[in-house]
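In the order they appear, the protein sequences are chains Y and E. Counting from 1, one number per residue, gives the positions in the first sequence under this note's numbering. Counting from 1001, one number per residue, gives the positions in the second sequence under this note's numbering.
You may find that some hints are simply not true.
What the hints assert, rightly or not - Derived pair list, reagent style DSS-like, types lysine-lysine, alpha-carbon separation capped at 25 Å:
no., chain 1, residue 1, chain 2, residue 2
1, Y, Lys199, E, Lys1003
2, E, Lys1003, Y, Lys457
3, E, Lys1172, Y, Lys199
In case anyone wonders, no lab produced these hints; they're calculated from the structure. Predicted model only: the values in this text are computed from it and were never measured.
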Amino acid sequence: MLVSSLNFLIFFIITLIVYYLLIKKSKRLQNICLLIASYIYYGIVNWKMIPLLLFSTLIFYYLGIIISKQNKVNEKKASRYTTLGVLIGLLVLLYFKYLNFFIESFSDFLCAIGLQTNISTFNIIMPLGVSFFTFKLISYIIEIHRENIKPCEDLISFSTYISFFPTIMSGPIDRPNKFLPQLETNRQFNYYNVSEGCKRILWGLFEKMCIADRLSSYTDAVFNNYSHHNTTTLIVASIFYAFQLYTDFAGYSDMAIGVGRILGIRIQENFRRPYFSQDISEYWKRWHITLTTWLVDYLFTPLNIKFRNFKGQLGINLAILINLIAIGMWHGANWIFALYGLYHGILLVCINLTNKRRRKIEKKYRLKNNNLYKYTRIFFTFILVVIGDIAFRSGSTDAFFGYLYQMTLGFGSLFTESSLSVFTFGTLSIIMMIFKEYKDENGYNIHFLHSSNLYVKIVSFALLLSYTIYTGQLFGGQFIYFQF
Amino acid sequence: MVKFFYRVFSVLFIVVLIDISVGSLSYAFITHIPNANILQTDACYALNKITPDILIVGASRAKHSFNSEIIKDSMQMSVYNGGLDGHEILYQRAVVKSVIDRNPPKIIVLDVSPNQLNGFWKGRLVDVHHFYYTNKYMKESINMMYDKDTDHTKYISSLYMRKLLNGISQLKYHIQFISSLYTYNNTFPWFIQALIIGNVHDSLCGFRPLPYKKDRLELVNDTSTFKFMPTEYEAFIDIIKICKQKRIKLILTYCPGYIKDTSNFNAVIKRVAKKYNVQYYSYVNSKYYLTHPKLFKDNAHLNEKGAYIYSKSFIHYMRK
């Protein structure tokens, strides 16, 4: 049941009616309603994975209480319990996501050094959203150990936080200190929230159906047969893929945030116009924000502290590389994701090493407020991101290098077979999205869905809704980030 | 609260207005669209205009394998190749029934392949959704697809619950077709394309030859197991029955492919053909074609030269 489907709409309307009408007076009943809805939603996708979600929730709930008690009594014990919790979380990830990958890689390594092996992999089905909910669980116990939050005493609220249906499949990875307090208040039906939520959902639907799903037929056709295409087509497909990846994930996040808003729950923002970044470091502050901040808090910062005695900038650069490789590997058990992370890590290290010199030059030539300089930087950052995205889409290192090699073989006519709608509605939708992001980025006072004029607001909403139904890809595919 | 509902109503009112306008315009476009030799107008033409003596239907293999001109010259009858790339039997059923309704052909050649009948291409029917209101048989075929029980309910033991859930699911699909924006989704670009190209005289009568591919073709193995999907089976039998009823000569065929086929598909179709007493000519594992890879564009499709040879040889069966 995709968030962008009619089935989800029916499911959500039923949940909403029960949530607000029948049990509006009790926050606990509202949480129970959300919890049941979340488990039904998760169960519809794959009911066999419910025990995993349930047990991990229970384990971390009790661990949270124990850690909090031990924080006051025995700091060392609290640390040990926290480590245990982190290990359990990592083991869940390791087993479901990475075990077969490590087995295969080990077997390949033995073969490479001439040893014949007969190691077989396990038949493991990866639970949907495992990377998202385990990260929530881990951050919960670490925050308790750091005494940033108190443990949640209500199992219902805690389970609701972990399994919250708009975010369980594909994030955003909400932090407990922001999410849990919201469950402790009674949520009243609020027209403003509903209206804002609907706008977010509509924009998310537009991104998903009119851009991501619309472009996917073209990018699939080119990436799956890259050896048959020329440089022109490969460049266009890789640019399209960058937009597809962004709108697929940002579209989901927008819909999740919108659904949460209607339910009276604020979900953290996950994207902030990443393609307007002026360098890769800024890009990672705007892309998948909840994952990057999670890793900065729990991996990069501790590593940076640990490596601070290293000579010069070696420590911080090493921490950057490890952090970015972890971000890459979080996406999946494949060397290409490690390469994707390493690529971005190297770019970040380069930025870190040239930062001072760049600032000097900017100051000397007064480039800071120069628009040409700004947009040139945005353009080159986008190109660097697109190269990384080729690796992301390729699925294997061979395919990635094959794609890059094919790109050098020469320009030719653009592949347009059965892609009329991609080049018409797909490109038009991209332009609409860029226009919106451009005006938001520069703070222009032009508003449509958020206009102060009621008529503009109503007409824009109706037009965007009609446009989405008319030009969107009906029966689109899964969200790309569901597989992570 | 009143303010809120006023806003919701206003939005819906505008959407309905847009929906009606798009619906009327699209209907007018589809009924007056020129034959521009593009995929969508080919489908439109096959569904709503053609009246040939010999009708060829199927998916891409039919479209690119039957040279209508050669058949026309040899048989001295009008021919139209109504194949459509990547489309399954539900679409072909609509074409056959529409053509029969207008003027029953003398011969119908139906090229079958596993994907047309195993539900694999079901999702592609969305490409011809916009003929829902302009062709009653297309509407029937689309409804056939949606009026079946959903897979999710097969595990529910309660008959009442299953009926209820299936009812909701089917109702949901029917509601979607009330909206013209949904029904005519994404039609605007090809309307414009067709208008720009204008009416093109289709001397090939629906046949679209494929060029020769210079890369060396590798022989592939098909070891899959074929299974009919209930709706597709129903549509397939429907075609056979209506041809019998109208005394139209129906020929089933399985076009040549550069594929070593060890699947059960051929045997299954043979059984059905025998049961309903229909001619079936299969080119599966044909020695001639397996030894002539130069006759193919890719493993599944003949190129122009291959189509020429194949069409020549097939005339013999039409005369039988």
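* To do: Quick one: which hint numbers does this structure break? Sort them smallest to largest.
  => Per hint list: zero violations.
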